[in-house]
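*Asks:* Sequence:
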Amino acid sequence: MSCWQSLPKVELHVHLDCALSFESVARLAPGFERAGYEAAFSAPELCRDLPELIAPAVRAVALLQDEAALRLAVRDLAAQLAADHVVYAEVRFAPLLHLERGLSPDEVVAIVGDELRAAAGAHGIEARLLLCALRHFSPGESLATAELAARHVASGVVGLDLAGDEGGHPLDAHVAAFAFARERGLPCTAHAGEGAGPGSVADTLERLRPARIGHGVRSVEDAGVIARLVERGVHLEVCPTSNVQIGLYPDVAAHPLAALRAQGVSVGVNTDGRTLSRLTLSREYERVAAAYGWTARDFEACNLAALEAAFAPPEVVERARRRLLADAAAPDAAAPRAATPAAAAPKAADPEAADPKTARPA
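For the sequence shown, position 210 matches number 208 in this note's numbering, and the numbering has no gaps at all.
In short, the hints are calculated from the structure, not lab data.
This one's a predicted model, so the numbers in the text were calculated from it and none came from an experiment.
Ideal Cβ placement from N, Cα and C applies to all residues, glycine included.
Heads up, a few of these hints could be off.
Cβ pair distances, simulated, as ranges [stated by the list, open to error]:
| # | residue 1 | residue 2 | range |
| --- | --- | --- | --- |
| 1 | Asp325 | Gly231 | 21 to 31 Å |
| 2 | Pro49 | Ser136 | 16 to 26 Å |
| 3 | Ala66 | Arg320 | 34 to 44 Å |
| 4 | Asp47 | Arg320 | 33 to 43 Å |
| 5 | Glu181 | Asp201 | 15 to 25 Å |
| 6 | Leu97 | Arg32 | 22 to 32 Å |
| 7 | Ser136 | Ala328 | 43 to 53 Å |
| 8 | Ala33 | Asp201 | 34 to 44 Å |
| 9 | Ala24 | Ala299 | 33 to 43 Å |
Turn these sequences into a full structure, and let the hints guide you.
*Replies:* If you want it as structure tokens, here you go:
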């Protein structure tokens, strides 16, 4: 167990289809041994680029094509979040990737939203959904995703995201979708400054006008972009291990998370793809603490900044904030300045043990 595990946390950037545990894969595709699971569903520790990092997600998506599988994946992730003592989470996925066995886009969102409400609620977690358009989507597909998000606010959808590889996929196809979302008061985030440089962040801020940026770490290379982030109060959903894994930085100590925070940028710490990186949020905290000498107080400040940038209704955010502060004050939440070893692989509690069909909250 990580010494950071008991610390309450906020996670704004975690992909549902990149978080399948071995236990869930074994249920969905019997016959997988752990070594085969890791080879198929996790990325290399050092990838050539972002496409190599996200390539294994295709195998997970292929398993998540019916209601039972989607519900299992949500229960799995909820159990992982609970094990990390996450008090508030925004879970993202691309509904249009889950239609191969006859589900409609609306059915996919309703299923995932229903299961997230029940599974997260069973663990006492405030959790909401973000729907992802992908960089390679056509304008019609991107707009359809935004329309889905607007239709499913009652299902727990709180925002729109743009994910995928920035390289070779300009923003043109997504401008209308993000304008649609803004016109309907739907908050937006977008991946940028991960697979491309600070110009990608500047372009995204100008053309999509998101309230948050997924990653955004290469903003540190341009003082003008930093100034815009600070002036607009744009929050960066930072995922250090993921960035190191694609070779942006040699290790977490060289990552600009601390530098961005020191320059006044709002930042939070996230996992991104738990299975892709063999990662838990507690393990990410451990690495960041070891790299920068951060204490529980530093992580609390980042978590409060993340809650200020959360897309859920104010009353939900306030409940999460109160719990974050109360749990941080509990005796068992004390975290040391330095980290101790912990297992890095995402291992959920048995998702069936928290099956909301038998454990729905009142």
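*Asks:* So does Asp325 sit 21 to 31 Å from Gly231, Cβ to Cβ?
*Replies:* holds (26 Å)
*Asks:* Taking the Cβ atom of Ser136 and the Cβ atom of Ala328, is their distance within the range 43 to 53 Å?
*Replies:* Hint holds: Cβ distance 49 Å, inside 43 to 53 Å.
*Asks:* Should the hint that Leu97 and Arg32 are 22 to 32 Å apart at their CB atoms be regarded as holding?
*Replies:* Once the Cβ atoms are compared, 30 Å apart, the range 22 to 32 Å for Arg32 and Leu97 holds.
*Asks:* Taking 33 to 43 Å as the hint, is the beta-carbon distance of Ala24 and Ala299 inside that range?
*Replies:* holds (39 Å)
*Asks:* Given the range 33 to 43 Å, decide if the beta-carbon distance of Asp47 to Arg320 lies inside it.
*Replies:* Check passed, 42 Å falls within 33 to 43 Å.
*Asks:* Take a look at whether the Cβ-Cβ distance between Ala33 and Asp201 falls inside 34 to 44 Å.
*Replies:* Since the Cβ atoms of Ala33 and Asp201 sit about 42 Å apart, the hinted range of 34 to 44 Å holds.
*Asks:* Evaluate the given range 16 to 26 Å for the C-beta pair formed by Pro49 and Ser136.
*Replies:* holds (19 Å)
*Asks:* Do the beta carbons of Ala66 and Arg320 sit within 34 to 44 Å of each other?
*Replies:* Between Ala66 and Arg320, where Cβ atoms are some 35 Å apart, the hint holds.
*Asks:* Do the beta carbons of Glu181 and Asp201 sit within 15 to 25 Å of each other?
*Replies:* Between Glu181 and Asp201, where Cβ atoms are some 21 Å apart, the hint holds.
Consistency note: the structure conflicts with none of the earlier hints.
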